[in-house]
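Engineer: One letter stands for each residue in the lines below.
There are 4 protein chains.
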Amino acid sequence: MAIHKFHPKIYYNAFGTYTPVLRISDGDTVITSTVDNNGRDAADNQVTRPGNPLTGPFYIHGAEPGDTLAVHLEKLWPNRRIGRSSTVISPNVVDPEYVREMPPLEPRITAEWELDLERGTAMLIKPETNLGHFVLSLNPMLGCLGVAPPREQAISSATSGTHGGNMDYRGFVSGVTVYFPVFVEGALFFIGDGHAVQGDGEIIGTGIEVSFDVKFTVKLLKDKKITWPRAENKEYIMTVGNARPLDQALQHATTEMIRWLQADYGLKDRAAHILLGQCVEYDVGNVFDPAYTVVCKLKKRWMKAAV
Amino acid sequence: MAIHKFHPKIYYNAFGTYTPVLRISDGDTVITSTVDNNGRDAADNQVTRPGNPLTGPFYIHGAEPGDTLAVHLEKLWPNRRIGRSSTVISPNVVDPEYVREMPPLEPRITAEWELDLERGTAMLIKPETNLGHFVLSLNPMLGCLGVAPPREQAISSATSGTHGGNMDYRGFVSGVTVYFPVFVEGALFFIGDGHAVQGDGEIIGTGIEVSFDVKFTVKLLKDKKITWPRAENKEYIMTVGNARPLDQALQHATTEMIRWLQADYGLKDRAAHILLGQCVEYDVGNVFDPAYTVVCKLKKRWMKAAV
Amino acid sequence: MAIHKFHPKIYYNAFGTYTPVLRISDGDTVITSTVDNNGRDAADNQVTRPGNPLTGPFYIHGAEPGDTLAVHLEKLWPNRRIGRSSTVISPNVVDPEYVREMPPLEPRITAEWELDLERGTAMLIKPETNLGHFVLSLNPMLGCLGVAPPREQAISSATSGTHGGNMDYRGFVSGVTVYFPVFVEGALFFIGDGHAVQGDGEIIGTGIEVSFDVKFTVKLLKDKKITWPRAENKEYIMTVGNARPLDQALQHATTEMIRWLQADYGLKDRAAHILLGQCVEYDVGNVFDPAYTVVCKLKKRWMKAAV
Amino acid sequence: MAIHKFHPKIYYNAFGTYTPVLRISDGDTVITSTVDNNGRDAADNQVTRPGNPLTGPFYIHGAEPGDTLAVHLEKLWPNRRIGRSSTVISPNVVDPEYVREMPPLEPRITAEWELDLERGTAMLIKPETNLGHFVLSLNPMLGCLGVAPPREQAISSATSGTHGGNMDYRGFVSGVTVYFPVFVEGALFFIGDGHAVQGDGEIIGTGIEVSFDVKFTVKLLKDKKITWPRAENKEYIMTVGNARPLDQALQHATTEMIRWLQADYGLKDRAAHILLGQCVEYDVGNVFDPAYTVVCKLKKRWMKAAV
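Protein chains in written order, with the numbering used here: chain A, 1345 to 1651; chain B, 1345 to 1651; chain C, 1345 to 1651; chain D, 1345 to 1651.
Do not take every clue at face value.
Since the list gives no way to pick out one identical chain from another, each pair is judged satisfied if it fits inside one copy or across any two copies.
[Claimed, not checked] Cut-off 20 Å, straight-line C-alpha distance, at most; resulting in silico cross-link-like pairs (SDA-like, lysine to any residue): (1) Lys1644 <-> Pro1494; (2) Lys1612 <-> Leu1449; (3) Lys1643 <-> Gly1476; (4) Lys1612 <-> Glu1472.
Read the hints as simulated data drawn from the structure, not as lab findings. It should be emphasised that the depicted structure is a prediction, and the values quoted were computed from it without experimental measurement.
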């Protein structure tokens, strides 16, 4: 259960079976960092090309296809004081006939936010708007989290799938454990695309983009097979579906939740259906990337009484 | 600002331009009741045919096409102790290839719930499951809320549209004000399909279905034109989109929210985009009915500072 | 088997349970006319308000819910020399990010076409384009065909459903028989929205819109239950699905085709699946209306050999 | 303009930036072969693992990102007498509530077809059905055609994208020229997944799968930038969109067609819109793979008159 301090030197723009940057063991902790979506680091220097550059891959000894990799996000925190965001809602998120009424794309205007890392706030500093003194609470989350995908694929960090990827779910914050199906030897775990704040759906195509310090701990669940990413925090268990349209993402997440309840919580027959029918919650991860993300959530308290 | 006690004698299974059951004025309050989705009343007697029977229509004096009708839901509360629900998740909510693994549809098994109206709880009493002592907190909401649709249509209370309808949104509870576009003289407001409890998406095709006592107050906003239903509570403003796939429902809701922020809150240029980008929240109303429902939400606190 | 000459005086803008304009019997033929989508008649006079005004409803004696109404389209033909169309592709048919590059909506430019009814051609006469001498062959079809919908609904002639409606399928031409489920006593059949020519999908929101002379013959199939509209011509049997997204319309049409092959053509077990797998064809009706239309087609020759 | 006879020894199951198996020049012709979807060759021997194994990649000298690769399919022809297909329609192609009525998945029954390569027919030889003497005309096509994708991705041969891939379009037959955007040096062209016959949509998840002999000629269009695959035969120009839902695939294909008409055929202003509005045709490639395929077609004759 070693603690590894890892300073990335190269970054990938896809989740694939690349040479590991670090080999770790079940139970180990990694302290590392991510650059922002544009490849800028803690000093706001451009250190790699844009497009959600990923830190990793981390090779986990003993991980094999058919296992599950659990990643506990110990701590996610911005490591610089300047964050940036887009300023126009994506045309795929509004009515097609409304697109002509949207602000023009050019000139590209980037919003800048000053992050107060002590107070935990982000303040809009440009462009000028009539939003007044616009200050948000930080909710640092990782947009990209995932493993090497199946079938020897390398899948862009702009999108997502069963391997995780660019899910842009604002529930992936410090304290959450995320589970991934292992498709290749060593699992090959990647992280990136930190957001200081993000609305549901990432509808402007960005959160408040910033470089992060990240501390995480891995745990290997041998011979534990899952189909889609799962997660849990103190209050909820969660399953994640990535697809278009949202309907299909929701189908994936819901199916994965039924499987989880039946296999691991022993909910027999119609019990999982009755429970989900009255208690399920859905969150929208992103509706911007090529694959959209829907999260199916259930409060853990409901399973406490299950016999 | 009269208070009308109205006991329904007939029920409609569609939102349409029917003869009003009661004529009321701007500011009036109505105390009435709804039967459950199957047409059973407070005494659990079948008083009309199944299929989301609606109480109404209520004619509001002075309402004309191009106005907005505001309905403040003063109080929604079950008026009997037995609630019923389905017990199998709808096949459109899971992966197509998983449907064959679902519980069979026949025999149709209906779950029964005992409602403790004093404590505000619902307890599953049949079928037997291994969920243990399964008790939920009541969250009484109306599945159906709406007005007569445009173009002389009569639209089934199984679905929804710009007129509202069967939106099955669990945020439509006591204390919320819902806004509808007025399409016909008198607006013709309808309510029905009370749920004691419901999960997001109404994924088993029902909430805990029960008859309700309902108290609401109407207010007419003359020459105020909206496109989709809107709502607000103490904390949030909300817009509603009804369509398939979910993507389109989300587009409708988001577009309506941008219009609202620009027209009524004076957010100019990109301000609404920047605000929504970091602060928007989405809820899933239903993913069961012919048209799905997505709610776009924004905390009112963000507009307080707007200049 | 009477022949009725019927000159419409009123038009409806929805498919609903309205007072019949004519009562006819099984086997009867009707010779009548339709106005164009904007309510203009054979003399190009505005005789009713715009929005796909419908001729009908025609009441068929003996038709009851659970029957099927067969309508043989004997002859569909424009009855004036001027046709009109839109000139901009609808924004929902192109990539969302491309909408900003589309021609502006205002000023609304209407194209005019001169129809040569003897030669069977349509020539673009305005606006000026660099398409050269642009002459198309007429393919007269009805955009709107259907019966009164179920549940006492009245559904706008802008959209479609199990009752048929505004399907905008360019296969609905002279010589085709279309089948509709009967939902109300008398079936209540409507027609309208003639197009002299139309591309797949009606992607500019119109065909070449023109008033029509129409001759059709009805036949009642008692106790024959279908779920979605069906059709046949000399070469094909066809089923129609109306929904969004296209995926769902295709699901409806395919399911209806499997049912047809199994029930009426005796294709047992996997025979219908094997046949459709290699021989099915799909046409896109419209991708413009609130509900899209997909047609599933199969050549009749394949069933000839079926035992 | 050399002619290369190439006998593949290795096969890839993804479109990616792999070491080329052959380097060819602009204008060269390649005579080669493909194995079937399950990795079986002309002798029906299993020579590689299943999952649409691809022949290639072929490196085209001088090809660079921003160019277009034209591939003329000179000749596609099955090279053995046994073809195989699935026998059950995929559950995503029927109504969700109909899936329970579908034939069971297990036991997996594979249909076998005897191909008469001289007469050009396929005859069903098992399982037994009541389809009678069921003989289809061959329409040999390639399910997989494409180049290495952008962003250093490797994308499974089970799906498709801007690089082409597993499009399963039954219009990709001998005599067609297909155009691909070049994303990497050398373009890296792949082929595979031959179907002797296939219905629209590949709704049972296979065509009649068989190994092929393939002859193709490449041509490089320098500094010619396209976004999605395009194609042409004697009668039509075609554009291809790959995405889910079908609506999005259709948006991609339509947008690409507008661009083509405006840039290469000089259709100015609204001319392309008016033309497509009345003359566009859509084909459904597949509705089975992770990304669906829609083809937008336009008869070349319409552009002949264009000034």
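Engineer: Now, for every hint given, state plainly whether the structure supports it.
Structural biologist: Hint check results:
Taking the shortest alpha-carbon separations for lysine 1644 and proline 1494, neither the intra-copy value of 31 Å nor the inter-copy value of 42 Å comes in at or below 20 Å. Only between protomers do lysine 1612 and leucine 1449 lie at most 20 Å apart by alpha-carbon distance; the minimum there is 16 Å, versus 53 Å within a single protomer. Within a single copy, lysine 1643 and glycine 1476 get their C-alpha atoms only as close as 37 Å, which misses the 20 Å cut-off; across copies the closest is 15 Å, which meets it. For the identical chains of this complex, lysine 1612 and glutamate 1472 are inter-copy neighbours only, at 11 Å across copies versus 57 Å inside a copy, given an alpha-carbon limit of 20 Å.
In the structure shown, a violation is registered for the earlier hint numbered 1 alone.
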